[in-house]
Amino acid sequence: MKTALKTLFNFIHGNPKGERESVEEFLNKSEDFRLLLSANGKALELMSEMTGAAQSGHPSGITRVRAYSVMVASSVRQMIERLCRMAPGKYDGLRDVFNEIVQNMDRAFAGPGRGPLGPPVLRLRDVRASDLPETGSKMAMLGEIRAELGAVVPRGFAITASAFHLFMESTGLDDEINRLIQIHDSSSLEELNDLAQSIRNAIDLAPMPSELEEAMREQCARLGDIRFAVRSSALGEDSEQTGFAGQFISKLGVKPAQVSDAYRAVISSMYSATAITYVRNRGLREDEMVMAVGCMEMVDAVAGGVIYTRPPVGGDENTLIVNAVPGLPCAVVDGSSLADSWTVDRETREITGRDIAEKEVRFVMTSGGQVRKEKLYGGKQLEPAVPDHDIERLAELAMRIESHFGRPQDIEWARDREGLLIILQCRPLTLCDDAPQPPVEDEESRGLAILTGCIPASPGAASGCVVKVESDEDMFRFPDGAVLLARNARPQLSALLPRASALVAEFGSSVGHLANVAREYGIPALIGAPGAVERLSGVGVITVNGTNGTIYLGRRKRMIELEARPAAAARTSDVSLALRRVLKFITPLSLTDPESPDFRPEGCRSMHDITRFCHEKAVSEMFTQGNRPVSGARRLTGQQNMQYWLVDIGGGTAGSETEASDSRQSITVDAVRSRPMRALWYGMMTVPWEGPPPARMDGFMSVLTSAAQNPALAPGARNDMGERNYFIVGSRYCNLQSRFGFHFCTIEGFAGDDPNSNYALFQFKGGGASLDRRNLRARLVAEVLEKRGFIAEIRDDALFARLEGVSQQAVEQAMAVLGYLLMHTRQIDMSMADPAMVIRYRDKFEAEIEELLEGLSEELKEAGCAA
Amino acid sequence: MKKIRLLLVDDETDFLNAYARRFVRRNVEITPATSGQEAIDKIRENEFDVVILDVMMPGMNGLETLRRIKAIEPDLPVIILTGHADSRALIEGMDMGAFDFLLKPVGTDELYFKVLDAVRARHRGQP
Chain A
1 MKTALKTLFN FIHGNPKGER ESVEEFLNKS EDFRLLLSAN GKALELMSEM
51 TGAAQSGHPS GITRVRAYSV MVASSVRQMI ERLCRMAPGK YDGLRDVFNE
101 IVQNMDRAFA GPGRGPLGPP VLRLRDVRAS DLPETGSKMA MLGEIRAELG
151 AVVPRGFAIT ASAFHLFMES TGLDDEINRL IQIHDSSSLE ELNDLAQSIR
201 NAIDLAPMPS ELEEAMREQC ARLGDIRFAV RSSALGEDSE QTGFAGQFIS
251 KLGVKPAQVS DAYRAVISSM YSATAITYVR NRGLREDEMV MAVGCMEMVD
301 AVAGGVIYTR PPVGGDENTL IVNAVPGLPC AVVDGSSLAD SWTVDRETRE
351 ITGRDIAEKE VRFVMTSGGQ VRKEKLYGGK QLEPAVPDHD IERLAELAMR
401 IESHFGRPQD IEWARDREGL LIILQCRPLT LCDDAPQPPV EDEESRGLAI
451 LTGCIPASPG AASGCVVKVE SDEDMFRFPD GAVLLARNAR PQLSALLPRA
501 SALVAEFGSS VGHLANVARE YGIPALIGAP GAVERLSGVG VITVNGTNGT
551 IYLGRRKRMI ELEARPAAAA RTSDVSLALR RVLKFITPLS LTDPESPDFR
601 PEGCRSMHDI TRFCHEKAVS EMFTQGNRPV SGARRLTGQQ NMQYWLVDIG
651 GGTAGSETEA SDSRQSITVD AVRSRPMRAL WYGMMTVPWE GPPPARMDGF
701 MSVLTSAAQN PALAPGARND MGERNYFIVG SRYCNLQSRF GFHFCTIEGF
751 AGDDPNSNYA LFQFKGGGAS LDRRNLRARL VAEVLEKRGF IAEIRDDALF
801 ARLEGVSQQA VEQAMAVLGY LLMHTRQIDM SMADPAMVIR YRDKFEAEIE
851 ELLEGLSEEL KEAGCAA
Chain B
868 MKKIRLLLVD DETDFLNAYA RRFVRRNVEI TPATSGQEAI DKIRENEFDV
918 VILDVMMPGM NGLETLRRIK AIEPDLPVII LTGHADSRAL IEGMDMGAFD
968 FLLKPVGTDE LYFKVLDAVR ARHRGQP
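Going down the list, the sequences are from chains A and B. Using the working numbering, read the first sequence as starting at 1 and increasing by one per residue. Using the working numbering, read the second sequence as starting at 868 and increasing by one per residue.
Among these hints, one or two may not hold up.
[Claimed, not checked] Pairs of lysine-lysine, BS3-like flavour, derived with a Cα cap of 27 Å: (1) A:K29 <-> B:K909; (2) B:K937 <-> A:K29; (3) B:K870 <-> B:K909; (4) B:K937 <-> A:K90; (5) A:K584 <-> A:K468; (6) A:K584 <-> B:K870.
Keep in mind that the hints were calculated from the coordinates and are not lab data.
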């Protein structure tokens with residue numbers, strides 16, 4: 001490359017000053033055009049990906065949408081810079097238009113903007129529902145039911161959204177986290193884990209603002225030496241549309257001195273692989289996530305569980321469900337154990353059903369405030385976690401909470417050693433939209449069930465190859481579309497749910513976190529499927545019916561059809577909204593007609609308009625040839641002297657790397673090393689021209705008449721190039737401007753490694769026949785070229801054709817085709833009045849081109865051109 | 868063939884090392900700099916064909932670094948490569964004469980082609 005450049009400079013310096021400028025100008029223009037095309041290709045590719053994401057309704061995260069917008073803008077700006085260099089001073093107005101559109105794009109991303117910062121902490125007893133924007137819904141609802149319904153809730157305080165903003169903004173964490181998400185541009189679980197680790201490190205290293213540190217210390221001092229549960233209360237976390245159900249961590253048994261560290265850990269959990277997967281799949285914006293945190297006294301619970309004020313997965317609508325486990329209620333929510341379950345009549349509050357599970361473990365709090373798992377033995381396994389009258393009290397309270405908030409609730413509770421029932425959390429319950437259906441089992445599926453009586457956790461039926469997930473490594477390897485089989489319904493598995501066709505877990509609660517997420521995604525799930533891991537491992541494809549609790553061998557197509565549910569009305573996600581808003585300034589194309597008076601920089605309304613404008617103007621700048629560097633040209637010689645001269649601008653001929661290229665007067669074609677020129681030459685010379693078409697009187701007369709009327713065609717008229725045909729060549733580049741009789745033609749090609757900047761251009765006009773026949777010939781040539789991927793445009797008798805964004809080989813083939821057409825379409829305008837001749841020519845051209853291309857690679861190999 | 872002399876400016880050493888590894892077989896000689904000031908010092912002392920420049924760096928940020936580079940050597944092409952999808956930095960950087968503005972992560976091929984484009988442009992006397 002360097003040598004080629006040296007040759008170029010030798011060449012340039014070997015010429016008089018004026019000529020040197022003209023060479024530079026010429027080269028700069030071609031290079032700028034190449035870079036402009038490359039940027040154009042990139043911009044259009046990005047736009048089409050963005051449009052695709054908008055249509056699918058599943059853009060993958062706000063960070064990526066923002067990155068794509070900036071990348072489109074960057075490519076478009078690159079086009080503007082290149083065009084402004086090709087034609088200095090002509091299109092400078094584009095930059096202002098561009099800046100304005102970019103500002104509009106930025107506004108499309110702007111969120112509501114936050115108000116002034118409030119206090120960093122709030123005592124739970126001061127919190128009401130109206131504090132939701134500061135405390136998140138978890139703490140706001142607890143404060144509300146304590147104050148309004150007299151419910152017992154733990155003592156504690158909320159670390160507010162204002163505290164989060166203070167922490168993020170004063171330390172620059174917000175920018176840093178966006179940057180980390182951007183540079184990790186990742187979707188695999190492994191990469192997301194790396195990302196989560198980087199963000200965790202950044203959060204751990206950021207200094208805690210002293211104002212916040214002090215406020216937390218004051219609250220802890222007020223509450224005394226107790227142990228805290230430090231829980232996420234993210235904004236939007238428990239809203240009806242998006243329950244982050246178990247995506248964020250809680251730190252249990254936290255000593256007052258560790259609250260600040262636990263706070264960092266809870267914030268970090270907002271960026272875990274699981275949480276990011278969830279956020280992206282739900283179309284939420286990572287850059288608008290706000291984590292408020294609740295610090296509450298740990299309850300030394302002897303039992304606890306969850307209440308659903310309506311059955312979440314179908315069943316009798318007049319019932320309420322209470323789940324309970326002995327010990328701390330973490331087991332029922334994280335799916336690690338089977339739970340006891342009661343059904344209660346919503347009207348009479350009477351217990352109508354009782355299902356006592358065989359519980360293997362319980363969680364207890366140690367004296368140091370730590371959580372420990374304990375195995376249960378003997379009778380304890382089958383003992384109900386709480387007596388019936390507690391269930392009735394809980395049902396009563398749950399109904400009051402539901403009526404206070406006016407919608408079904410999902411309530412977490414605990415019972416302490418004194419028998420006090422304490423509400424730990426309440427949130428709106430995600431219900432399956434459709435009414436429960438009778439179990440469906442079609443004819444062909446009967447007898448193929450391999451596991452029955454599993455507990456439905458999310459309705460519907462789906463099939464897939466069953467894949468067991470036990471370790472983190474299994475998670476990384478989980479293939480798309482498989483049935484996820486797990487021993488326990490751990491919340492971490494939710495990261496796999498968008499890729500799974502169905503879920504089967506041996507243990508866990510059909511109303512826990514994972515079940516919730518499965519229902520949100522609409523994935524059939526069975527949680528509580530005894531023996532599933534042993535029975536299903538390695539059986540291949542199964543069908544999971546999440547409605548009747550049965551698993552079948554193979555793919556039960558009919559059943560899947562019967563179970564198909566109408567797609568839940570998709571809520572337009574925040575990311576989709578932002579994407580749609582920004583696309584308004586990117587994709588609409590209003591500049592379509594280059595002849596229109598609006599086709600000017602000020603007429604551009606979108607990035608697409610600017611690309612269209614720049615491309616059109618750049619092509620026309622290329623076709624409008626300025627001064628070409630033709631002195632120092634060598635004449636091409638073969639068996640006889642030809643009317644072709646050649647200028648090597650670097651690496652285009654043998655020996656040009658070692659000596660100045662103007663040292664000789666002539667050169668043979670064999671010494672040409674420019675691949676695009678060799679391809680072009682091969683196309684021009686391989687098939688002998690059969691000569692002008694047979695003269696027909698009307699054709700002949702037509703030529704005479706036209707020639708008489710058109711002064712440019714008068715004998716002796718000279719073209720710009722003084723009758724010589726010039727090849728300007730580099731190792732990857734070739735430009736030919738030629739004139740054969742009445743025909744004018746420009747061919748140019750660049751064939752390098754990067755397809756984005758490769759191109760072939762063809763301009764062809766003129767002829768001796770009447771305009772309508774010349775137009776017909778242009779159409780014929782266009783037809784042949786379009787079949788080979790060119791985009792062709794015709795104005796009167798002029799044909800402009802271009803091929804872009806293709807491989808080196810494709811450009812070389814295109815050059816051969818253009819060479820062939822250049823030679824073989826001479827004078828055929830004379831025969832264009834005869835439709836049969838048009839067809840005959842077209843078929844002949846296509847057949848000969850086919851044959852021609854077969855020999856091209858051999859020709860280039862023999863020519864000794866480096867690939 | 869003479870190697871392309873590339874000055875790679877980024878405060879993250881992991882990033883510098885990763886690109887140094889990726890370019891090792893590509894006829895590019897990388898000189899790392901971990902701050903804007905270090906970049907300026909190196910440009911004063913040595914000759915480079917092209918610069919790749921991060922934007923968010925502690926101390927002198929990338930845009931300020933770009934301004935100073937252009938004051939010292941207006942023809943030296945500078946490719947901005949940043950993790951911040953920030954359109955203001957795009958406009959400001961391009962207005963100051965950056966050769967291009969790329970977002971991390973960028974593929975090795977794409978970056979390599981950009982480097983070649985920039986070097987070619989420089990030899991044609993364009994910034």
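Taking the hints in turn, this is what the structure says about them:
1. A:K29 <-> B:K909: violated (33 Å)
2. B:K937 <-> A:K29: holds (23 Å)
3. B:K870 <-> B:K909: Status holds; Cα separation ~18 Å.
4. B:K937 <-> A:K90: Within the cut-off at roughly 25 Å; holds.
5. A:K584 <-> A:K468: violated (45 Å)
6. A:K584 <-> B:K870: Violated: A:K584 and B:K870 sit about 45 Å apart, past 27 Å.
In terms of the numbered hints stated before, the structure departs from hints 1, 5 and 6, listed from lowest to highest.
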